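K.L.:
Take the sequences, apply the hints, and build the full model.
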Amino acid sequence: MKERTFSTFELILLALFAALVVVAKIALRTPIQMPGHTGLFWMAVVVVGAGVVPKLGAASLIGLTSGILAGFLGMGDFGALNTFLSYTAVGVGTDLALLLLRDPENLIAAPLAAPLGHTAKFLVKWVLSAATGAPAGFVALGLARALIGYVVFGALGGLLGALTLRGLRAAGFFAYLSEKR
Amino acid sequence: MNQNKRILLAVLILVLVGGAILGLEVLRRQRVTPADLKPGSIPIYVDGEMEAAFTPEDLASLKEVSFQDAEEGKSQTGWMLQDVLRVHLSEDTLTPETSITVISTSREKSADLTWNEVEDAENMVMFDVSGRGTLKLVSKMEKLDTRDEWVQDTDRIEVASP
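Heads up: the protein sequence lines correspond to chains A and B, in order.
Those letters in the first sequence? Residues 1 to 181, per the numbering used here, in order.
Those letters in the second sequence? Residues 1001 to 1162, per the numbering used here, in order.
Source of the hints: derived by calculation from the structure; they are not laboratory data.
As the structure is a prediction and not an experimental result, all values here were calculated from the model.
The beta carbon of each residue, even a glycine, is placed where N, CA and C say it ideally should be.
Be careful, since some hints might not be right.
[Claimed, not checked] Okay, the calculated bits of chain A under chain B, using three or more residues with CB under 8 Å as the criterion:
hint	stretch
1	31 to 44
2	123 to 136
[Unchecked claim] Covered stretches of chain B (chain A as the covering partner; in silico rule of three or more C-beta atoms under 8 Å from a C-beta of chain A):
hint	stretch
3	1006 to 1012
4	1026 to 1033
5	1036 to 1043
6	1084 to 1094
7	1130 to 1138
P.N.:
As structure tokens, this is what we get:
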């Protein structure tokens, strides 16, 4: 029977991936000024995490942990609660998408699952802004442009994640991991 | 269900979620904007009276500027507040001691500045467009150089004579 709970080793791995999400957000910079461009890095990390620990809830745990870390580090322009919920949404969204699409190593499934996870973050941010009575966007198509950015960079992040997983498998990382488990 | 159907379903979900957000935002945009203003525009009040509104059309005549914020090293790109005010207000209204307050009603935040501070190009008092398309007031000034101090979701500018 397939183990449904996480081992301590898997939890440590997921915590490391969560830390990597926060580090990627802080340290990695691109000259691209489009909203959602950081999804290129962190969706790759979330997809790799979900592939390394192939259990339902792995991406959610990465999202939740990185949300707590980012919230305490004061990241984001809209407060700790917004940061925490949006990071968590990335994980939950990716998990739900992978529940449907299954294999995060698949070069079609991963670039589709990742934008779904990334769009979940966008959805949370939009709901929170609407709930707090934020004004209408100054730039009429600003929200559409942001959404496109989230989808495109999420997909690229997912593709990068799937390629990384394939690279790790080719390098024998999964065989090494199964010994450690 | 085979993988092709799963992929198709995922694409459909993505399109539906995106469409729902954009559709609801169009409705919200009409609801949250006062009847006498264009959606998204920012009213400018002078001594309590609405004098003008800063609209997206104004951007065409404004020069885009940018700087890297000290807190996270991110590039902030947008339009100087002094240029925005000059489009709508006469030079007589703007004396060095004129008080300018940039307000976000939803976030209950504001920044109190003088025209002297706004006019100083070194201070880089400017509006940057946030990820969701609203304006945030950012600056290199010490009292306005962190995310806590910035005024996100700006929806009102008040100008008061000294």
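K.L.:
Now tell me if each hint is right for this structure.
P.N.:
Comparing the hints with the structure gives:
1. Evaluation of the coverage hint for the stretch 31 to 44 of chain A: fulfilled, as 3 residues show C-beta separations to chain B shorter than 8 Å, against a requirement of three.
2. Using a Cβ-Cβ cut-off of 8 Å, 10 residues of the stretch 123 to 136 of chain A lie near chain B, which meets the minimum of three, so the contact claim holds.
3. With a threshold of 8 Å between beta carbons, the proposed coverage of the stretch 1006 to 1012 of chain B by chain A holds, since 5 of its residues qualify and at least three are required.
4. Coverage of the stretch 1026 to 1033 of chain B by chain A holds [criterion: at least 3 residues with CB-CB distance below 8 Å; count 4].
5. Given as covered by chain A, the stretch 1036 to 1043 of chain B passes the check, having 4 residues with a CB less than 8 Å from a CB of that chain where 3 are the minimum.
6. For the stretch 1084 to 1094 of chain B, the assignment as covered by chain A is violated, since 0 residues bring a beta-carbon within under 8 Å of that chain's beta-carbons and 3 are needed.
7. Requiring three or more residues with a Cβ within less than 8 Å of a Cβ of chain A, the coverage given for the stretch 1130 to 1138 of chain B holds, as 7 such residues are present.
In this structure, only the earlier hint numbered 6 is contradicted, and the remaining ones agree with it.
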